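Peer 1: All chains should be modelled from the sequences, with the hints used to inform the complete structure.
Top line first, the protein sequences correspond to chains A and B. My numbering numbers the first residue of the first sequence as 1 and each following residue consecutively. My numbering numbers the first residue of the second sequence as 1 and each following residue consecutively.
Derived by calculation from the structure, the hints in this document are not laboratory data. Given the structure is predicted, the values throughout are model-derived calculations rather than measurements. For every residue, glycine included, the Cβ atom is placed at its ideal position computed from N, Cα and C. Accuracy of the hints is not assured; some may be wrong.
Heads up, incomplete: computed chain B residues facing chain A, CB under 8 Å, no partners named [said to hold, decoys possible]: (1) Val-159; (2) Asp-162; (3) Glu-196; (4) Met-212; (5) Gly-336; (6) Leu-339.
Just some of the chain B residues that point at chain A, by a computed CB distance under 8 Å [unchecked claim]: (7) Phe-58; (8) Leu-140; (9) Leu-141; (10) Asp-346.
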Amino acid sequence: MFGGIDPALLIASLMGAAVPIMLAASGELVVEKSGVLNLGVEGMMIMGAICGFATAVGTGNPYLGFVGGAAGGAALSVIFAVLTQYLLTNQVATGLALTLFGLGLSSLIGQGYVGIKPPATGAVPFGPLADLPFFGKVLFGHNWMIYLSVLVVALVWWVLKYSRTGLVLRAVGESHDAAHALGYKVTRIRVMAIMFGGALAGLGGAYVSLVRAPLWVDGITAGAGWIALAIVVFASWRPWRVLIGAYLFGGISQLQLNLQVAGSSIPVQYLSMAPYLITILVLVMMSSGRARASLNAPAALGQNFHASR
Amino acid sequence: MLRLEKRPSPSRFWQAATPVLAVILTMIAGGIMFWILGKNPFEAIRTIFWDPLFNPDFAAYSRPQLLVKAAPLILIAIGLSLGFRAGIWNIGAEGQYIMGAICGAAAGLAVYPVESRLIFPVMVLAGALGGLVWAMIPALLKTVFRTNEILVSLLLVYVAQDILAMMALGALKNPEGQGFPGSRNLGQIPAMANPELIAGTGMHWGVMAAFMAVIAAYILLQRHILGFHIKLAGQAPRAARFAGVNPAALVVLCFAISGALAGLAGVFEVTGPAGQITIDFNVGYGFTAIIVAFLGRLNPIGILFAGLLMALTYIGGELAQFMLGLPSAAIQAFQGMLLFFLLGTDLLANYRIRWAKREVV
Numbered sequence: 001m002f003g004g005i006d007p008a009l010l011i012a013s014l015m016g017a018a019v020p021i022m023l024a025a026s027g028e029l030v031v032e033k034s035g036v037l038n039l040g041v042e043g044m045m046i047m048g049a050i051c052g053f054a055t056a057v058g059t060g061n062p063y064l065g066f067v068g069g070a071a072g073g074a075a076l077s078v079i080f081a082v083l084t085q086y087l088l089t090n091q092v093a094t095g096l097a098l099t100l101f102g103l104g105l106s107s108l109i110g111q112g113y114v115g116i117k118p119p120a121t122g123a124v125p126f127g128p129l130a131d132l133p134f135f136g137k138v139l140f141g142h143n144w145m146i147y148l149s150v151l152v153v154a155l156v157w158w159v160l161k162y163s164r165t166g167l168v169l170r171a172v173g174e175s176h177d178a179a180h181a182l183g184y185k186v187t188r189i190r191v192m193a194i195m196f197g198g199a200l201a202g203l204g205g206a207y208v209s210l211v212r213a214p215l216w217v218d219g220i221t222a223g224a225g226w227i228a229l230a231i232v233v234f235a236s237w238r239p240w241r242v243l244i245g246a247y248l249f250g251g252i253s254q255l256q257l258n259l260q261v262a263g264s265s266i267p268v269q270y271l272s273m274a275p276y277l278i279t280i281l282v283l284v285m286m287s288s289g290r291a292r293a294s295l296n297a298p299a300a301l302g303q304n305f306h307a308s309r
Numbered sequence: 001m002l003r004l005e006k007r008p009s010p011s012r013f014w015q016a017a018t019p020v021l022a023v024i025l026t027m028i029a030g031g032i033m034f035w036i037l038g039k040n041p042f043e044a045i046r047t048i049f050w051d052p053l054f055n056p057d058f059a060a061y062s063r064p065q066l067l068v069k070a071a072p073l074i075l076i077a078i079g080l081s082l083g084f085r086a087g088i089w090n091i092g093a094e095g096q097y098i099m100g101a102i103c104g105a106a107a108g109l110a111v112y113p114v115e116s117r118l119i120f121p122v123m124v125l126a127g128a129l130g131g132l133v134w135a136m137i138p139a140l141l142k143t144v145f146r147t148n149e150i151l152v153s154l155l156l157v158y159v160a161q162d163i164l165a166m167m168a169l170g171a172l173k174n175p176e177g178q179g180f181p182g183s184r185n186l187g188q189i190p191a192m193a194n195p196e197l198i199a200g201t202g203m204h205w206g207v208m209a210a211f212m213a214v215i216a217a218y219i220l221l222q223r224h225i226l227g228f229h230i231k232l233a234g235q236a237p238r239a240a241r242f243a244g245v246n247p248a249a250l251v252v253l254c255f256a257i258s259g260a261l262a263g264l265a266g267v268f269e270v271t272g273p274a275g276q277i278t279i280d281f282n283v284g285y286g287f288t289a290i291i292v293a294f295l296g297r298l299n300p301i302g303i304l305f306a307g308l309l310m311a312l313t314y315i316g317g318e319l320a321q322f323m324l325g326l327p328s329a330a331i332q333a334f335q336g337m338l339l340f341f342l343l344g345t346d347l348l349a350n351y352r353i354r355w356a357k358r359e360v361v
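Peer 2: Here it is in structure tokens:
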């Protein structure tokens, strides 16, 4: 069954496959830690994908493309922030609306970009290290986004655990009334968290259209945003587990792609539904039992805050 | 400085007025979007909302389409609205719609070429059952393992799409189709067809089912204890538990109803307007129905009108695409905007906006 698949190449490529969901899930983790449930990750990712693509094609610079992707995701998340934080709308419904709107708008912006090739994102030059057997391919042969994504996870972990900002953010997510009574600006902190999440989702989306694919078609993120949401639950709201989860799912989706290419006897559709089915299976395992993940969820998750005094 | 003051109970006036306000705001924002796209906004809005109904050149074709497009939206939205009222989020109706179509078509094609009056009713039942069973997956995972139903139901849409591709290319492929993907055309098989019942109206069995669903849901919510339980569970979950509402049973029931209705929509579509199972059979009715449910304020009568309005944007969108070269994605973005405005203006129903001087603390 694994005939013709090189393990070093598989590991190297699964790290690439994991980047979009890892970035988007780290962003959503921060958003959820602040007590907001943004189900619009898929919409923000695809907006990041097209904005990043358009910027990269327009400027000819892939790095500016990633900046554009992050800006696109953050811009869309502002709509969510205004609706849920100032107009106090239902977070589930607003998140869904964000996804539906993002899918439509991205396809509208993307009209002229079908069939264009974006500028290539180069690998980080590690010199002789990249020639090491096995480790050269696995650790030192990547583009800089792969290293950045790990860095983002580390940063999110450090900020949430050790910094004052992280402490305030967690307080807002656990009890907005208590945080408000202590004088913290609950709404402002949540808006910032939502925009941070939007920027990271956009960055992940830009990675899909600029590096993974690299091209633009409608609906290119293909549910990666929803898998990112599932990974936050899988990770029990712990940043390093996001990394594990993303590599796990990156591995599964990469493996099924490799099997498709290698001409496996399993029908293509079974292979392409595997990542979704396994995500569901993992969600089930994480959500039941005594050590279930939901016990670790931020206490104020999904509740709107309205200061009556 | 503006201040929000929570109303003791939602304003009845604004509850009825906000959908209208949202539609007007969407027309303005959409007009700006069309203007940015280089189209005349007034012409675009007129083409979408007026021409399909009243322009003599198009109305003959467009008016029947209104019911054809509205029927699946209303059927699905009615089912979803029950769950949404109870705080149960089935957002995978698209998948249940696909599975309903597949199961219905498979039931009919299994006995091909037998001709019998019983085949169509059996297909309809199989379709409803297919959607119901598919919806039971998130419902049971939710009740047994406490798994998040939003994520599971949504992820199953992607699985259903893969199954659809598998069926169109494999088990249900037309053996006489010269190798093209897609099933036999069910519309051309008398025993399986879902034809227009009254010529020139677009009325088919799915439209009848949609009207019946509206009436049934209205009675359920207004007159039946179950409707009361659904509303109670949404507004005050704790009180509902004291009143003897079983939350697990409610989850299963809401998913069962919405899944079965989505499956019905799928089977009526595949036997009627669509005609056959193809790879791209589903066009997003399951997602648009979410907008319809909210636009109708989760109220059966409201959903009836919301479904017709949303069908109008589909038909008008096609017309605008044809007449003005407006991209079809623009309509999708337009529908998304409508949901934003709808949710945003809801504030007026639940809060009073007061002008308050900044207080010195």
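Peer 1: Each hint: holds or not?
Peer 2: Okay, the hints, checked on the actual structure:
1. Val-159: Holds, about 5 Å.
2. Asp-162: Check passed: Cβ of Asp-162 of chain B comes within 4 Å of chain A, closer than 8 Å.
3. Glu-196: Given a least distance of 31 Å, the restraint on Glu-196 of chain B is violated.
4. Met-212: Constraint on Met-212 of chain B not satisfied, violated at 27 Å.
5. Gly-336: It holds, given that the least Cβ distance between Gly-336 of chain B and chain A is near 3 Å, below 8 Å.
6. Leu-339: Holds. Min distance 4 Å.
7. Phe-58: violated, 24 Å
8. Leu-140: violated, 10 Å
9. Leu-141: Since chain A brings a Cβ to about 6 Å from Leu-141 of chain B, closer than 8 Å, the hint holds.
10. Asp-346: Since chain A brings a Cβ to about 6 Å from Asp-346 of chain B, closer than 8 Å, the hint holds.
Violation of the numbered hints given earlier is confined to hints 3, 4, 7 and 8; the remaining hints are satisfied by the structure.
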